[in-house]
Amino acid sequence: MSLETSQINELHWLMEMLHTIDVGLVVLDRDYKIQIWNGFMENHSGLLPREVKDKELFPLFDEIPKAWFKRKAESVFLLKNKAFTIWEQRPYLFKFQNYRPITGAADYMYQNTTFIPLMSATGVVTHLCLIVYDVTDNASHKKDLEEANKELAILSQTDGLTKLFNRTHWEHCLQAEYKRWIRSKNPSCLVMIDIDHFKEVNDTYGHVVGDNVIRHISGLIRHHVRETDVSGRYGGEEFVILLADTPLENANVFAERLREEIEEAVVKYNDIDLKYTVSMGIAEIDDSIESYEAWIASSDKAMYRAKAAGRNKVVLHPKNSTTH
Amino acid sequence: MSIPLLICDDSNMARKQVARSLPDDWDVDISFATNGEEGIEAIKAGKGDVLLLDLNMPVMDGYQVLEAIMKQDLPTMVIVISGDIQPEAHQRVTSLGALDFIQKPVNKEKLTEILSAYGIFTQHDNEEALTVDIEKPAVIDEPPEHIELTPLTQAADVAMIEKEESTGDFLLDVELRDCYQEIANVAMGRAGDLLARLLDVFVVLPIPNVNLIEVSELSMALSDVEEQDSTSGICQGFIGAGISGEALLILNDSSFKDVASLMNYTYEVDESTELELLMDLANVLIGACLNGVSEQLDMPFSQGHPVVLGQHKKISQLIATNSKKWKRTLAIEISYSIEGYSIKCDLLLLFTEESMRTLNNKISYLLD
Numbered sequence: 001m002s003l004e005t006s007q008i009n010e011l012h013w014l015m016e017m018l019h020t021i022d023v024g025l026v027v028l029d030r031d032y033k034i035q036i037w038n039g040f041m042e043n044h045s046g047l048l049p050r051e052v053k054d055k056e057l058f059p060l061f062d063e064i065p066k067a068w069f070k071r072k073a074e075s076v077f078l079l080k081n082k083a084f085t086i087w088e089q090r091p092y093l094f095k096f097q098n099y100r101p102i103t104g105a106a107d108y109m110y111q112n113t114t115f116i117p118l119m120s121a122t123g124v125v126t127h128l129c130l131i132v133y134d135v136t137d138n139a140s141h142k143k144d145l146e147e148a149n150k151e152l153a154i155l156s157q158t159d160g161l162t163k164l165f166n167r168t169h170w171e172h173c174l175q176a177e178y179k180r181w182i183r184s185k186n187p188s189c190l191v192m193i194d195i196d197h198f199k200e201v202n203d204t205y206g207h208v209v210g211d212n213v214i215r216h217i218s219g220l221i222r223h224h225v226r227e228t229d230v231s232g233r234y235g236g237e238e239f240v241i242l243l244a245d246t247p248l249e250n251a252n253v254f255a256e257r258l259r260e261e262i263e264e265a266v267v268k269y270n271d272i273d274l275k276y277t278v279s280m281g282i283a284e285i286d287d288s289i290e291s292y293e294a295w296i297a298s299s300d301k302a303m304y305r306a307k308a309a310g311r312n313k314v315v316l317h318p319k320n321s322t323t324h
Numbered sequence: 325m326s327i328p329l330l331i332c333d334d335s336n337m338a339r340k341q342v343a344r345s346l347p348d349d350w351d352v353d354i355s356f357a358t359n360g361e362e363g364i365e366a367i368k369a370g371k372g373d374v375l376l377l378d379l380n381m382p383v384m385d386g387y388q389v390l391e392a393i394m395k396q397d398l399p400t401m402v403i404v405i406s407g408d409i410q411p412e413a414h415q416r417v418t419s420l421g422a423l424d425f426i427q428k429p430v431n432k433e434k435l436t437e438i439l440s441a442y443g444i445f446t447q448h449d450n451e452e453a454l455t456v457d458i459e460k461p462a463v464i465d466e467p468p469e470h471i472e473l474t475p476l477t478q479a480a481d482v483a484m485i486e487k488e489e490s491t492g493d494f495l496l497d498v499e500l501r502d503c504y505q506e507i508a509n510v511a512m513g514r515a516g517d518l519l520a521r522l523l524d525v526f527v528v529l530p531i532p533n534v535n536l537i538e539v540s541e542l543s544m545a546l547s548d549v550e551e552q553d554s555t556s557g558i559c560q561g562f563i564g565a566g567i568s569g570e571a572l573l574i575l576n577d578s579s580f581k582d583v584a585s586l587m588n589y590t591y592e593v594d595e596s597t598e599l600e601l602l603m604d605l606a607n608v609l610i611g612a613c614l615n616g617v618s619e620q621l622d623m624p625f626s627q628g629h630p631v632v633l634g635q636h637k638k639i640s641q642l643i644a645t646n647s648k649k650w651k652r653t654l655a656i657e658i659s660y661s662i663e664g665y666s667i668k669c670d671l672l673l674l675f676t677e678e679s680m681r682t683l684n685n686k687i688s689y690l691l692d
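As you go down the protein sequences, you meet chains R and C in turn.
Mind the numbering: the first sequence is residues 1 to 324 in the working numbering, read in order.
Mind the numbering: the second sequence is residues 325 to 692 in the working numbering, read in order.
Because the hints were derived from the structure by calculation, they are not lab data.
Here a beta-carbon is modelled for each residue, glycine too, at the ideal position from N, C-alpha and C.
The hints are all genuine.
Some chain C residues near chain R, calculated using beta-carbon distances under 10 Å:
1) Leu518
2) Arg521
3) Gln560
4) Tyr589
5) Leu599
6) Glu600
7) Leu602
8) Val608
9) Asn615
10) Val632
One side only, chain C facing chain R, incomplete, derived with CB under 7 Å:
11) Met603
12) Asn607
13) His629
14) Pro630
Full structure from sequences and hints, please.
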């Protein structure tokens, strides 16, 4: 084989590879007219190289934002620098359909692209090479992972039975509110709720019914609280609600309304109709309360006074008079 | 009589490069200064009828030197040799009285051409021997001074080889650090120039920070980013034969507003516009900086696709690495700021430990 033949062969192979490679290759001239269009581009767009040759890019693909594209491209022409775009920035440049019926995870092909300046012999950038990578798998895996992490974060903060915050997360929120109060001194109240004679419910009707009662009260709590309030399951039949930016008087109104509604409600399970009541204690944060733990203890103490006073009651933790 | 010539540059490697690029057969008496203050002293002591001056230096930079020369009317002719190649830098130094401006890395042809153009150096012309301000004729018969520099360079190579053997130690050899710093300096100038042209501003170039650090301590090693600042970042891998690493671009979130207006983006505070801006900056800065490095080392790099490190995060969250493979990294930190704007942007080139062998080889060629 002569040297020339082998060189021609090499060139031929190279062309064949560029045409077959699973990456999009496009060459554009200074007026954004398509000069080269490889197999990947042909197959995904359905447009043959001769159909796009010397045609301007933008009328053919109106999904490409002209101003955006030109901004990237002009800096490549001007600065002779490569430019990269990633799917996070713009999911795709060419709107190519997902082509894999089973393993294709997204509606459209996610793409990363590279802009490469092509120089003429005189050192002027006359053309631009556009490389298009299919990153659908990467992108959808990353999105799935983000989604899963988000779900995990919620799961780790939530009590399974009630869908309220679990104790760890709720205490975390309370601690943050306590710190916020130190700076803002805005009134905030902590409501402690305990179901009266819950042990008897369990003993008489069984745990399934007990669980239904717990679900019932947490439903009511969720229904009553505002978006900014933080409610959680503190223990077995104990619940807590943090009412931010709420003075004691308003918290009392809120608690009374909840207590009355619970008193009037009936929990139905098969042929069992069950009524229950709750005891509540409320503590407004003030200077005498020196930690978030002490805040919990104060509302807890008020709640036990409600129990001692005959249950189905709301008792307020006395406000510290020295602050006034 | 020899002409007293002063080379003022904080980088040892740059001083040598300049000294070796002086015309052959030129009878000069070379002195060196490592910062502006030393430079001014040397001129006053009569050691600098000709001054080859760098711009970015500690203690007293090149601009300040030029100002001092003007103010005190010191007898010297100044040619600036700098990696800062922004058109405005050129303008500023000539308006401060410099004769001309040469871009780093300096080469013999260019330097000879400029020295000849101003009549400072006259080729093979004893009769017409030039007279500098103070009327000292150049004599050409004596052997040129810079030949003596060769042993110095060899000494540097030895130091480097020793360094390579003692991998257990975290200190970067002074000589080597200086070389890296100078390479970074030139690359930084390239990127700064593109940034200046893209945004139409004057970019304030710092002195690059070169350190051999533990990857896990990266966030702490960043000198120009406050720990509590909210930042956004992009990372891009690069690889050439035997040299690889990642380039990181970290932008202070407070910079976005100014960057947006400079780039004519309508800025609504949203993450997608910010990502666009970040990508545009990364394309320009990382690309140009790598080109600058690749030009000097004579080695092309492939760049991978950029990866978003995160947006609106503290620096420690941004570069929380989970790489177990790389323990140490050669980190070059370049903190760009833009005159008149509150834009702060940190470019980091992180080379893998394994790259250092090739890097050191390449550098010893540069010094030869």
